Amino acid sequence: MAIIRCPKCAKSISDKYKQCPHCESNISELNDEQVQQLQREQQIKKKQMFINHSFLALILFLGGFFCLYFLQPQKETLEWYAYTIAIGVGCIWYLINRIILVTLKKKR
Numbered sequence: 001m002a003i004i005r006c007p008k009c010a011k012s013i014s015d016k017y018k019q020c021p022h023c024e025s026n027i028s029e030l031n032d033e034q035v036q037q038l039q040r041e042q043q044i045k046k047k048q049m050f051i052n053h054s055f056l057a058l059i060l061f062l063g064g065f066f067c068l069y070f071l072q073p074q075k076e077t078l079e080w081y082a083y084t085i086a087i088g089v090g091c092i093w094y095l096i097n098r099i100i101l102v103t104l105k106k107k108r
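According to full-length UniProt numbering, the sequence shown is numbered sequentially starting from 1.
Treat the hints loosely; a few may be bogus.
Computed beta-carbon distance windows for the label pairs [said to hold, decoys possible]:
| no. | residue 1 | residue 2 | range |
| --- | --- | --- | --- |
| 1 | LEU71 | PHE50 | 29 to 37 Å |
| 2 | ILE3 | MET49 | 34 to 42 Å |
| 3 | TYR81 | LYS45 | 21 to 29 Å |
| 4 | TRP80 | LYS18 | 53 to 61 Å |
| 5 | ARG40 | GLN74 | 23 to 31 Å |
Honestly, the hints are just simulated from the structure, not real lab data.
Values in this document were obtained by computation on a predicted structure and should not be read as measured data.
Glycine included, each C-beta is placed from N, C-alpha and C at the ideal position.
Based on the provided sequences and hints, a complete structural model is requested.
See below:
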């Protein structure tokens, strides 16, 4: 008995199962080509999720930057801290997502 990943939902299951207990897809009826296609779709969905997260992180970074630049709040006020934190979190979040995307691309 081995643990495999369901080609449909990518959760761990036993290779003895004929039907995934998580997504209830019938695994025994899938041929190798269909399994590969489902795995490619899962990989594309995963990449798209990280691309969307990168976009949100960039919006957070730019929003904080533009608010800090155009609104020019007084230093060490609540607004100044909020904009500065938004810039920092957005930048770090964006960089982490980009690193993950590069590693996903290299796994091919």
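Range agreement (Cβ of GLN74 with Cβ of ARG40, hint 23 to 31 Å): 53 Å, violated
Mind checking the hinted window 29 to 37 Å against the Cβ distance between LEU71 and PHE50? For PHE50 against LEU71, whose Cβ atoms are near 31 Å apart, the range 29 to 37 Å holds.
>> If I claimed the Cβ atoms of ILE3 and MET49 lie 34 to 42 Å apart, would that claim hold in this structure?
In response: Given range 34 to 42 Å: violated, Cβ gap about 24 Å.
Inset, instruction - Starting from the hint 21 to 29 Å, judge whether the C-beta atoms of TYR81 and LYS45 obey it. - result: 36 Å, violated
Quick check on a hinted range of 53 to 61 Å for TRP80 and LYS18, using CB atoms only.
Holds: the Cβ-Cβ distance is about 60 Å, inside 53 to 61 Å.
When each numbered hint is compared with the structure, violations occur for hints 2, 3 and 5.
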